[in-house]
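*Asks:* Put together the whole structure using the sequences plus the hints.
Residue numbers (full-length UniProt numbering), protein chains in the order written: chain Y, 1 to 473; chain Z, 1 to 473; chain G, 1 to 473.
Just so you know, these hints were derived from the structure itself, not from any lab. Certain hints may be false.
Treat identical chains as interchangeable: a pair holds within one or across any two.
Derived pair list, reagent style EDC-like, types lysine to aspartate or glutamate, alpha-carbon separation capped at 20 Å [said to hold, decoys possible]:
1) Lys-207 to Glu-452
2) Lys-207 to Asp-456
3) Lys-207 to Asp-458
4) Lys-40 to Glu-361
5) Lys-40 to Asp-360
6) Lys-171 to Glu-203
7) Lys-273 to Asp-442
8) Lys-270 to Glu-361
9) Lys-40 to Glu-362
10) Lys-270 to Asp-381
11) Lys-273 to Asp-458
12) Lys-270 to Glu-452
In this text, all values refer to a predicted model and were calculated from it rather than measured experimentally.
Given next are the chains, with one letter for each unit.
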Amino acid sequence: MKTRATNLRVRFPLFVFVSEVIIVALYAAFVTYDDQADAKFQTNQTIPMNNAVYRDYPVFTDIQVMIFLGFGCLLAFFRLYGFGGMVFNFLTATFAIQWAILVQGYFQFYYDGKIHLGVINLINAEFACAVVLISFGAVLGKTSPLQLLVMALLEVPVFAVTEWVVLNYLKINDAGGSILIHLFACYFGLGVTFVLHRPSLNEGHAKENSSYQSDILSVMGTLFLWVFWPSFNSALTFKGDDQHRAILHTFIGLSASTITAFALSTLLNKNGKITMADVQNVTLAGGVTVGASVDMMISPAAAYVLGMLGCTACMLGYKYLSPFLAKRCRIQDQCGIHNLHGLTGLISCAAGIWAILVADEEVYGPSLYEIFAHRAPVESDPQLEKLQMMIPGLKPGLGRTAQEQALFQVAAVFSAIGLAALGGLLTGFVLRLPYFASPSDDLCFDDRLYFEVPRDYDSPLQINNIMMEDTSA
Amino acid sequence: MKTRATNLRVRFPLFVFVSEVIIVALYAAFVTYDDQADAKFQTNQTIPMNNAVYRDYPVFTDIQVMIFLGFGCLLAFFRLYGFGGMVFNFLTATFAIQWAILVQGYFQFYYDGKIHLGVINLINAEFACAVVLISFGAVLGKTSPLQLLVMALLEVPVFAVTEWVVLNYLKINDAGGSILIHLFACYFGLGVTFVLHRPSLNEGHAKENSSYQSDILSVMGTLFLWVFWPSFNSALTFKGDDQHRAILHTFIGLSASTITAFALSTLLNKNGKITMADVQNVTLAGGVTVGASVDMMISPAAAYVLGMLGCTACMLGYKYLSPFLAKRCRIQDQCGIHNLHGLTGLISCAAGIWAILVADEEVYGPSLYEIFAHRAPVESDPQLEKLQMMIPGLKPGLGRTAQEQALFQVAAVFSAIGLAALGGLLTGFVLRLPYFASPSDDLCFDDRLYFEVPRDYDSPLQINNIMMEDTSA
Amino acid sequence: MKTRATNLRVRFPLFVFVSEVIIVALYAAFVTYDDQADAKFQTNQTIPMNNAVYRDYPVFTDIQVMIFLGFGCLLAFFRLYGFGGMVFNFLTATFAIQWAILVQGYFQFYYDGKIHLGVINLINAEFACAVVLISFGAVLGKTSPLQLLVMALLEVPVFAVTEWVVLNYLKINDAGGSILIHLFACYFGLGVTFVLHRPSLNEGHAKENSSYQSDILSVMGTLFLWVFWPSFNSALTFKGDDQHRAILHTFIGLSASTITAFALSTLLNKNGKITMADVQNVTLAGGVTVGASVDMMISPAAAYVLGMLGCTACMLGYKYLSPFLAKRCRIQDQCGIHNLHGLTGLISCAAGIWAILVADEEVYGPSLYEIFAHRAPVESDPQLEKLQMMIPGLKPGLGRTAQEQALFQVAAVFSAIGLAALGGLLTGFVLRLPYFASPSDDLCFDDRLYFEVPRDYDSPLQINNIMMEDTSA
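*Replies:* See below:
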């Protein structure tokens, strides 16, 4: 009966085909091209090389590599779950993006009765996708592909609503997505894994380990993420000096967290050796930690310090907090997303608030009111006109003070965490429905369940068995 | 005698050195820089950042990754032919590109007695190279590196002539290269493999299978191709909204075909499991299927449907048509290029023709005559001047109707298939010359024949042997 | 005692933390944003899309991939040192870049009491990093991570001083960095390895070999380098046609050296088989060889010939010179950097000098004085004004003749080699301090020493052992 319950043959294609029919119907009814992609809107004034595609597409391809190769390789670190890690990432990402185009489209790109599509929508959809993939990290190896698609189906709308509420009502600064991407994804994933708790896995699992090749593959994933992270953190900043700073800070933050990770890895290992899981994950902490203040004038040294702090928190989280959460709080966080995205995200938010509080015209010049758009004077304020002479195109803001803006940031952190955790818990309950074919405990972290595997699939283990027999003989 | 006949030591370097001497002589005699790369053509009006290199180079690097890493990893899926797949791809691609620079240069970039070279030539040459690599897929593992170079030597000119005939005489729309790249490459490859038919391989071959690592590597190749395919399909479109649409359609098409491939893979497998070969190949079908209409106003929903259709045809082809072709038609199509490039290419052409037939000014505005350049009024038509006021720089066309253009597309499909098949058959006969060192049947799919292999080369098999002995003992 | 002497637990984190405190203090004291990244410098005249970040960042990401994935995979070719190759590359590169930002910043980007930081600094720092990584190739597998960081700590300033002397006093042309990057890195690395000579390794080492998977991984590294090398060679040229030519020449040079490498590999192998080490290294020779003249009007054919020559020198170096250097000169050059960077670098310099000697206004037009900036007339020369009408913004030069410029190039070659070798020797002596935890001879090329390794770490060897036992039994 067990094997039947996890057989995908009917239920998985059925789910996909029904989804596809619904998606294609919604695309046909609601999705059209935006002005930059529609032939009809091109006039004799149009300069083709000024099309938005040339501004957005380079960033988009960088993020594509991160999503499909970066996450794909990184998640393939289990010895017997390399197919699952890389391939379910591919499946889930693709589904999440095409679904996010619709859901985010409704909230962000909907006017005249249509969702208007350009490469900028794809960038936004890949951010929504990154959220799903981070949450996936919490339940890696313990979920069927059908469960993953259902998770994407539910997480994307919860994320899109949270994004819409936070950006439209709370109006915050979060260029690198520390609040909306990392914190949201983390607490959603923890909510899901809390509900999907498997008591028997607390003692560890025979297949819950890596091989020499899978460790190397996973480091390649880390490197793809590392190399293009500046594009991720700067994709949605203002163009010009803001984006320039976002790139510099991300690079410096990552760079500081990388060497810190190596140092802490040897320091915390009883033999003074480097642990590959640290290289694969903790090195990246700096990319998250600089996120919330990534486009601000925080100074290169501050980005460096943020990288060190984030890395340290992340490393201590892996070492001490994750085991505690697993044993005491029923939270089995498979890839440690609470360390790499949660703790670092919180530090990032704190740094963002600090950066907002200290921001003044002396450092930023008049462009203070461009970066902190909600601090710009309101429409009726005579100050606005003066500023608009120095920054053409400056939009009226809300006249917030730095303190007010900081409070809204705090509100956003709590809203994002609250909505994410709630959404994650509810999603977890849905995923427990037997129809979604959750793997049995002993077939977790095992490609055999969902893939036709080649003959040599389990050879390293077999060798060890042979050798042990040899030794015992 | 057999080992001597496949020994490359003399004949391979000889072929390469002779080719190099000829190529370098032709470069010296005929290849110079184009206006954008020649120091002499820079005046005090030149704005360096307007150089064409900044428009073409980003697309070029994306295609570079596809050619060398995408194809390279994808073709390395055989357990004992990983070196061959990746390294012969490297060799063949490099040779094909430097040769295509000359041959295509003669047809497309030749004036004032010289071939004029810029990055745009390299993009075109990489397309010619993609053609050779697709055809290579039909004979993977069954050809010596010398045969591959000879194939590139012959295929590039046949392709360049076909391209020149189709673009200059039939004057068609084929932005994504469905006709000129995919159909041509497919039927050329099938022609070659038909002639190189090996009866003994119809029963399968002990080495014709993958390993756990090689399957993962091959998926990485798929991901490189997937991620950058929008650049491939949009490289030679008009700049501006046309290129923007090409990117969107390719992404949506790939995205639809990917989730369809997963669904069909589980549906058609008797255990409801995913087959890695499907993940490696069928997911990509959508990229080909949107090709012929990729820059047109087909709507995002249509791109989605094309992705689904292409994927379904491709999957059914792998399941039912390929075995039939191998058994009944002497066509041993090693990587199933007829499914991924042939069937999908035909659907793409049909979709392109449909898109041409329904295209009108209401949807496209005046830029209809830019995208469908051959439908623009002829030089003497007073209509032309009116259009030129709305689209500065519009060139006079042929005044074709939509129906006429559609017929020319049909003619192009048949010409491309015919010339490709004929070229492939003739090339096959040349490749059978004993001098070109074809591997014997039992050393197909085996790196030992052409490479110094490390000690652990065949270890997974050895383990299995040990284990079988153990079991039998 | 031996294991204690190589234990990193205290000394490695200590070194890293002390470095970080110093680096962060220096960043805080001296590093600020450059005009393109500083909010305060944006005025109502600023056009965000004209920010230098859009010119520099695409090249930067290409080089990022080369440094972290290209070098990382390439250096992971040892069977039991895959972690070391890829991960120490990651560590060393990150440390070198953040250190180079300071050191190069002091020499090149320091004014008003501050180092001014933009993406252009990161590109320069990645070049300094490439220097360190090339030198690393000479001692791969024989150095602790602590030694590598110390090497980076010392090499970066020696490099920055050499760069500053050569560019500011000798004022040379070296767009692709043949002198400053390749020759410097090579002779520095040889200096280090000369001092770190290990007599017992001259007989070879049981772990000094590759596995099937590691060979494939290493080829992937080669392909990453190959694909993006045109960006590397053209990153710091003049914009416009100069950069365009640099891309073309690099591509052609690599392409010629690749097929030559395959031909020579089969020719020089007694069984006519391809050696993977040649595919991994010798194919890349052309990228170095075109370096010194990469932006000049040398003609595409000359780039092709340079690729062939460089490849041949490199291949013969691997075959005959490296063993000689190891046996007779105490120079154990692990990755053969003397072949890939030294010999090719020398050819490149010779070609650069030849290109300088034959350069004239007939071929280059007035932009001769832009490319060869030091040949431009001096400030007071009336000729200057005439030229400035044809090339707006041409800066006064030194009025050098071609012969004078050539002599300065020669002086630069000798200075770079001399300073590099001296710096390398001194660095070698520092690295021999016992504190830096050099591995013992028998634990060279072995990940176990510095990493927690998974169970299957040494399985291929184990299999062979089993099999040999089987055979002997």
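*Asks:* It remains to establish, for every hint, whether it holds in the given structure.
*Replies:* Tested hints:
For a Cα distance limit of 20 Å, the shortest separation of Lys-207 from Glu-452 qualifies both inside one copy, at 18 Å, and across copies, at 17 Å. Proximity of Lys-207 to Asp-456 under the C-alpha cut-off of 20 Å is found in both arrangements, the shortest distances being 16 Å within a copy and 13 Å between copies. For the identical chains of this complex, Lys-207 and Asp-458 are neighbours both inside a copy (10 Å) and across copies (18 Å), given an alpha-carbon limit of 20 Å. Taking the shortest Cα distances, Lys-40 and Glu-361 sit within 20 Å of each other only across copies (8 Å), while inside one copy they are farther apart (43 Å).
In this homomeric assembly, Lys-40 and Asp-360 come within 20 Å of each other (Cα to Cα) only across copies, at 11 Å, whereas the closest approach inside a single copy is 45 Å. Proximity of Lys-171 to Glu-203 under the C-alpha cut-off of 20 Å is found in neither arrangement, the shortest distances being 45 Å within a copy and 66 Å between copies. In this homomeric assembly, Lys-273 and Asp-442 come within 20 Å of each other (Cα to Cα) only across copies, at 18 Å, whereas the closest approach inside a single copy is 31 Å. For the identical chains of this complex, Lys-270 and Glu-361 are neighbours neither inside a copy (50 Å) nor across copies (68 Å), given an alpha-carbon limit of 20 Å.
Proximity of Lys-40 to Glu-362 under the C-alpha cut-off of 20 Å is restricted to the inter-copy arrangement: shortest distance 8 Å between copies versus 46 Å within a copy. Taking the shortest alpha-carbon separations for Lys-270 and Asp-381, neither the intra-copy value of 63 Å nor the inter-copy value of 71 Å comes in at or below 20 Å. In this assembly of identical chains, Lys-273 and Asp-458 lie within 20 Å of each other by CA distance solely across copies; the values are 18 Å between and 27 Å within a copy. Taking CA atoms no more than 20 Å apart as the test, Lys-270 paired with Glu-452 passes between copies only; the shortest distance there is 11 Å, against 40 Å inside one copy.
This entry does not satisfy hints 6, 8, 10, going by the numbered hints stated previously.
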